[in-house]
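My request is simple: use the sequences and hints to build the entire structure.
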Amino acid sequence: MLLLSLLLLPLLGAVIIGVWPGLARQCASRLAITWAVLPLAVLAAMEFQYAGAANGVLAEWSLPWIPDANINLAFSADGTSFLFLLLTSLITLFALAVSAKLDIGGRAYCALILVMESMLFGVFTARHFIPWFLCWEMTLIPAYLLIRLWGGKGAPRAALRFFVITLGGGVCMLLGFLALQLAVGTMDFAQLGALAAHHQLAPGLAKSFAVTGLDGHVLLTLVAVLVFLGLAVKIPVVPFHAWLPDAYAEAPTPVTMLLTGLLSKMGVYGLLRVFLVVFPEVLPGLAPWLTALAVATVLLGAMAALAQKDLKRMIAYSSVNHLGYCVLAVAAVAAMHSDRAAVSSAVAGVVLQAFNHGVIASALFFSIAILESRSGGLRGVNDFGGLRARMPVFSGLMALAVFASLGLPGLSGFVGEFLIFNGSFGLVPWSAAISLLGLLLTAVFLLRLIRLVFHGPLPPAMAKWSDLTSAERWLFVPVIALIVIPGLWPQVLLQFINGDTLRLLELLRPIP
Amino acid sequence: MTPAWTLSSAFLGALLVLLLPVRMAAASRFIALAASLVGAVAAAAACLARLNNPAGPAWSFTRPWLPTFGINFHLAADGLALTLLLLTGIVAVAGVLFSWNVERRPRAFFAFFLTIIGGVYGVFLSRDAFLLFVCYEIVILPKYMLIAIWGSTNKEYGAMKLTMYSIGSSALILIGLVVAYAAAGGTSFDINYLASAHYAPSLQLWAFPILFLGFAVLAGIWPFHTWAPTGHVAAPTAASMLLAGVVMKLGAYGALCVALPLFPLGFAAWQPVIAGLAVIGVVYGALTALAQKDLKFVIGYSSVSHMGFVLLGIAAATHWGLRGAVLQMISHGIIAGLLFGIAGRVVYERTHTRDLNALQAFDLWRTLPGAAVAFTLATAASMGLPGFSGFVAEISVAIGLWQKFPWLVPAIAAGIVITGAFSLRALHKAFFPVRSASAAAPPPLAPLTWPEISAISLLIAVSLALGIYPKPWVVLIDDGLRSPLFHTILSQP
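Residue numbers (my numbering), protein chains in the order written: chain A, 1 to 512; chain B, 1001 to 1493.
Keep in mind that the hints are not guaranteed to be accurate.
Unchecked claim - Capping the alpha-carbon separation at 25 angstroms, the derived lysine to any residue pairs in SDA-like fashion look like this:
# : chain 1 : residue 1 : chain 2 : residue 2
1 : B       : Lys-1404  : A       : Ala-69
2 : A       : Lys-101   : A       : Ile-480
3 : A       : Lys-153   : B       : Ala-1361
Rather than coming from a laboratory, the hints here were simulated on the basis of the structure.
Structural data, given as structure tokens:
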């Protein structure tokens, strides 16, 4: 029940904000911020009442949907889900607070963000394809409307492109899973994982799709590719990122935080918790392709960021680059899952990288929002200069976020990337080595950003700018804390996922 | 309450409305509401009773009618028919609520309206082919009247085209039924009897397409779909809702429950052709909707696309496929009713335009936020997003297709994506326009009225209920699919 209340809580808030007659704009956003604190309380309660169940499940809830086809709306939260739920609650709260600070939105805006939060909770806890996909697709409508209605000039086009491309990816994934349902009669992730471990998916597909005359292994590979397409569009993996730069740049900044901090994590979560679990049989065959795509994502993301003049687009592409490391780790695990130490390092790295990237990207986009609000909408890298003198506190905090982003040891960004490379080098050494170039390029464009924005001559228009107000400082406090603490003491996050990682290793171990 | 209450309440209501003195004409809407509510409640009660007692015998009622020809007044309702009765009841209630302000000749309007509803109930309840045909015919005349008198845009043309198609398809159905009657020995029109008779394969090969096409035309099968968008656009709102919501379902229901069981061998031979036409319908309807300028035409062509899914499920003819076809009938009935209600009643009555470009000037998102929210939800439901009814139906049809025609599945995927694109385009243009800062302020519009809000909420709630918790509907539909009528079809390899 605790889980159900968590899933429905933001939705209820959205309904209240939506239908409350005559609720003023300011009150709506204050109410939404207050409401967004509640899920954190539920999460705390969930963690508090956890008695250490053997399967690591903190809370679960289920409802039969089409019983004779074994379809249930099954949700359960384990440690890994917990981290993603925590990230979702934190980023949503932060985005709402930043929106209130920047005076963006109103009732509908706050309600849509809360709806999206509910759906993200669902994605990070669903244990069956149907509820997972239900929540997955339902994030589209709020995201689309948020970009479309509160975005910049090019927003209608960007939003439509975002919607249609991700819908296409979703349909591919759906068809893939329906084929599995037909072949083996279930879409439950755990059941599919168990069947896969016993090598029963390929024969099932071969039997059900005898019409096509294809071998079971080939069919299973096709299904895996379909599912991967859906995930890849969301993360996004190069070359499926066509929707990203415009959507990120045109969305209002708090919405960009949600897109990069949370929506892209849906894809990472899916790769880790669904793709690896359901398709271990065909992963070795797909691994070279996955690795190639991951390396391309890492390198092209970084290079594209290097070429950007617009700060928002630069950070958007750097997000592509950072999530490329997650894909690299998954590809490495796919390539060879016999080296347990390397695999567990890579898997833990994926979760930490996802969490930390969400926080760091939010901090960076918040910094850009502050620059935008001071300059009246400018966000070109060359529009600024010498701000260190005028805004020392802001410069320090933004620089901290930038350093975390480029993976400086001691800050949170380092931990995830370290674990990922630590794992990947043992599994796919050459690709990992090439991807290291990505780290180098990241350092180049981020340091250039620091130099251009904070150093050099101060443009006359900026001579009167004031440093952060106390409200802005307070907004920075939680994100900076979340960057520094896990950087110094990664165990604070790792403790949640150790058990799940071991269970995943068991699942991945091939049964002869 | 037995399911017979649906039929009798509708016809009694129609009679009462006609008997009303002229000075009390305004009361007709209350009678219509009461009659449709009784029907909906009776259908819901029958559904619940069936769910509680799924193993018991289905309700049935028989009286001799024309014994010379073996024609009986035979009504019966298994789970499948019950779900469709419930759909009809819900759409009828919403239709009356959306027609609350009809001022022109309200008595005649509601009398025709209730007659259509009664005819539709009759078709879903009939277990005698002749009775089914009579009920089917009852629907045609009031349909014509509603469009020709209360319609808009090009109404005479639309009404005539729709009626011509209906009469043509009825002729085909009559031929098909009489062939079956004669070939089965000329003793009975009972559907179960006709279905259990053995027909020569050569006869089935030519009789099946005649009977099937007769029904499928009314279901909007490509290339005989053109009556649908034209007729829907010309019709007054409540009639569009009925036409797209339930009358098109009559065709699909007839194809599923009469044409297939009567001539299973003929069906097996024509199966790939039907599947091909249905896929073309899905994609063609969606592409055509993408190019429309009139909001109602967008919805009209989207109906063709959605009904393509019903025909696809029927063409697949596996358990999943048939289940998906019925789910899609229900889902599309609800969603089409909602879309037509909002576009035709809520928006058009206030703006007096349905042109997507002209609507931009009204900035509906700000001047009529309730309608914008409702249409956004309806659009989400229409494009088959999970959580709404369309999703359950589309995945069932897709699984059915994977089983029988895996090569057609990519076309379905394309259809779904194009549906997403045209739905968003219409939503954009009509409700969330991009306006330059210098554009004149939009005129203020009257807020939503209570009948409108109730009708919208009812339809959205049903779509969500089916989308989030389809179990009871699936149980009922499976109850119908267990009937001996479908044994031959479902036992095909």
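To see whether the hints hold, each was checked on the structure:
1. Lys-1404/B with Ala-69/A: 18 angstroms, holds
2. Lys-101/A with Ile-480/A: With Cα atoms ~18 angstroms apart, Lys-101/A and Ile-480/A stay inside 25 angstroms; holds.
3. Lys-153/A with Ala-1361/B: 19 angstroms, holds
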